[in-house]
Amino acid sequence: MSVEINDKSLKNPVEVFGRALVELAETDERVALVSADSYKGGGGAEFKKRFPERFFEFGICEQNAASVSGGLAWAGYKPFWSTIATFATMRCFEQIRNDIVRPRLNVAICGRAAGLSYSTQGPTHLSIDEMGILRTLPGMVVVAPADDLDMRNTVFEAVKLEGPIYFRKQKLMLPRVNPNDYEFKFGKGVELKEGQDITVIACGSMVSVGLCVSDLLAKDKISAGVINMHTIKPIDKDLVIRCAKKTGLIVSLEEHTVFNGLGSAVADVLSTECPTRLIKFGFEDKWPVDGGIWEEVMDFHGLSAQKIAGRIKQCL
Amino acid sequence: MEKLSIEEIRDLIKKSYANRINTIKLLSKGDGHIGGAFSSMDMLTVLYNKILKINPKDPKWDKRDVFLLSAAHKAVGLYVVLQSVGYFEQDIIWTYYDLNSKIPTHPDAELLCGIDFSFGSLGHGLSVGVGIALAFKRQKSSRRVFVLMGDGEACEGSVWEAAIAASTYKLDNLTAIIDVNKLACEDFIENQVNILPYEDKYRDFGWAVKTVDAHNIGQIYSTFKEVPFSKDKPNCIIANSVKAKGVSFCENSCSYHHWAPDEQGVKKAIESIKENLEKELKNVS
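Those protein sequences? They're chains A and B, same order as listed.
At the far end of the first sequence sits residue 315, using numbering that gives the first Met the number 0, and the numbering has no gaps.
At the far end of the second sequence sits residue 284, using numbering that gives the first Met the number 0, and the numbering has no gaps.
Hints are computed from structural coordinates only; laboratory data are not their basis.
You may find that some hints are simply not true.
Which bits of chain A does chain B cover? Going by a derived footprint, with three or more residues having C-beta under 8 Å, they are [as the list claims (entries may be wrong)]:
1. 47 to 55
2. 74 to 87
3. 117 to 125
4. 173 to 186
Here are the simulated distance ranges between beta carbons [as the list claims (entries may be wrong)]:
5. Trp60(B) x Phe155(A): 46 to 54 Å
6. Gln138(B) x Arg90(A): 26 to 34 Å
7. Arg90(A) x Lys169(B): 47 to 55 Å
Residues of chain B clear of chain A, computed beta-carbon distances all greater than 12 Å [to be verified]:
8. Ala17
9. Asp107
10. His123
11. Arg137
12. Glu155
13. Glu160
14. Tyr168
15. Glu198
16. Phe248
17. Ser254
18. Lys267
19. Lys273
Backbone N, C-alpha and C define an ideal beta-carbon position, used for all residues, glycine too.
Using the sequences and the accompanying hints, generate a full structural model.
Written out as C-alpha cells, the structure is:
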C-alpha cells in the first residue's frame, strides 16, 4: 500500500521531543524538565546537559513529581514532566487533578511509550486508557501527536497555554503524515485527505494507519477522507460536524480504549450536534492481549489497516 | 535566641483565643474541623502576626512568604486568622455555609485572596511546597515556604517522597510544621499505625528538626525565628499539640475532630475558651 507523505523516513517521537525541548529552552528560560528516573528514556539527556539548573530529578516517585511540577509552575516555571504514560497519569491522578489542573497551571505532562508502545512489557505498561482518564478533567488539553511535526509543534505550543496539557509520546517510529506547511493549533484537526463516502478521524499512531485504510478502501472505489485529530480535548467540533455533513459515516481510530477517548469525543459532538453513524475503532472493554511486537498485537486487536478496512466494508 | 516580651506574649495569647471564639462563631453556621484548627491556632496566630513576610493589603505581593495549609481541614481557623490580620475588608465569618461562599470547609485559592494554593486531600502540600521552594532557590529569591501538616497526614506516602526531595535539593527555605495532636479523624494514630515519633524520621531524611510545645507562644516564636536551622537543610518543626486546644470539653477527643455546634454548644465553647484564656494569661505572668 502506498501512503503519500512528504518525508518517508521514520521519526522517533522521543528524539523529536528531546530536540524540540532543548530548542525551546534556548529561548525560554522558564522551561524546565522534571524526571522521575525517566529523563533519558524520555529524550531529556541533552536538556539535562545543556540546562542542569532547570533539570529536576526526583527519583521514582510520581506523586511527588506531579505536585512539585505544580509548585514549580505556580512559581513561574514551565515544567515538562515526562515519564512512562501509565506512571505519569495514574498513580498521581489526584496530584494532577488538584495540584496542576484545578489551579490551571502550565505543566506539560508527557506520557512516554503510550498506547501499546510497550506491547512486550506486560499489562502494567500498556497505556490504553490514560487519555480518557485525563479527558474528564475540566480545562485539560489532551493531545496525541501523529508525527514529528505534531510533536515539535506540541512542545512549542504547550508553553503558550494558560493551563495544563497532557500529550503522548509513542515509542513507535512514526512516518510523517502532515504536510510541511500545515497549520498546527490545539483543538484544530488537520484534513489530510478529502473523501466523499466516509471520514476517518484518527489520532496519534493511528493517523498513518488511517491513511493506509483510505488507500485500501480506494481500491474498492470507496472514497475515505482522513483527519489528523491530534487534539482529543478540546475536540474540533466544527470539523467533525463538517465531515459528518459531507460524508455521513464517520470512523474513529485510536490506540486507546473506545471509552472516553477520541471516539467518545467525536460521539459527543455527533450525538448532540449532527446525529451521524460512527464506528469506533480502539480497544474494547477487556484488557488487551500483549506479548508480541506492536504490529502483531494491533492486528490481533483488529487495529491493522487491513482489518479496519475490512470491517468498514462490511458495515457499508 | 530572639524572644518575645511578656506583653507581646500576652497580646498574642489574647489574639489566639479571640481567633478561637471567632472560629466557633463561624462553625455555628455549619460544621467544621475544630480539633485540628485549634491545635494549630497558636502557631497560626504567631505565624501571621510575627513570622511570615506578608502584606495583607496586597495578598499577591511578589516578595511574600508562602504559607501552604496542607492539612487544609484546619482552614476554618486560618480564615479567622487571615481576617484578624486584615486580609479582608468585610467580615467573612458569617458567610460560611452560604451559597457561593468564599470560605468552603477546605480552602479554595481561586475564591479567596490570602490562600495561595488549594488543598484538602492530605499529602499534597509538602510536594507543592518543594516545587515552590525549589523555584525560589533557582530564582535566587529570599522568599520562604511554610507548610503546615497534620500528623495523621504523615501516613500518606507522598509526604515522604517530598521529604526526600526537599533534602536532596537542600531546601533550607522550606519549613514543614507537623502539628502532632496525635489524633486522626477516627482514632488515636497510635491505635491505627506504628508511625510515631517523627523527629528521627525527618532527621534521617536529612532535615534539621526542632520540637516545640504548640501552645507555648514564646517557644513557637523563638523557634520560627531560628529558621533556617541549618544551612542547606530543610526545616522541620514537630509541634506537640492538644487537639481542640482551648475548649476543655472538646480537647483530645475524636468526637471533636469535626463539630457542628448547636446554640448551647457555641455558648459553652465560648465560655470555656474565655476561662482557658484567663488560665493561659495567668501562666504567663
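Comparing the hints with the structure gives:
no.: 1; hint: 47 to 55; result: holds (count 3)
no.: 2; hint: 74 to 87; result: holds (count 3)
no.: 3; hint: 117 to 125; result: violated (count 0)
no.: 4; hint: 173 to 186; result: violated (count 0)
no.: 5; hint: Trp60(B) x Phe155(A): 46 to 54 Å; result: violated, 33 Å
no.: 6; hint: Gln138(B) x Arg90(A): 26 to 34 Å; result: holds, 29 Å
no.: 7; hint: Arg90(A) x Lys169(B): 47 to 55 Å; result: violated, 27 Å
no.: 8; hint: Ala17; result: holds, 32 Å
no.: 9; hint: Asp107; result: violated, 9 Å
no.: 10; hint: His123; result: violated, 6 Å
no.: 11; hint: Arg137; result: violated, 6 Å
no.: 12; hint: Glu155; result: violated, 9 Å
no.: 13; hint: Glu160; result: violated, 4 Å
no.: 14; hint: Tyr168; result: violated, 8 Å
no.: 15; hint: Glu198; result: holds, 22 Å
no.: 16; hint: Phe248; result: holds, 35 Å
no.: 17; hint: Ser254; result: holds, 29 Å
no.: 18; hint: Lys267; result: holds, 37 Å
no.: 19; hint: Lys273; result: holds, 38 Å
Going through the hint list in order, the structure does not satisfy hints 3, 4, 5, 7, 9, 10, 11, 12, 13 and 14.
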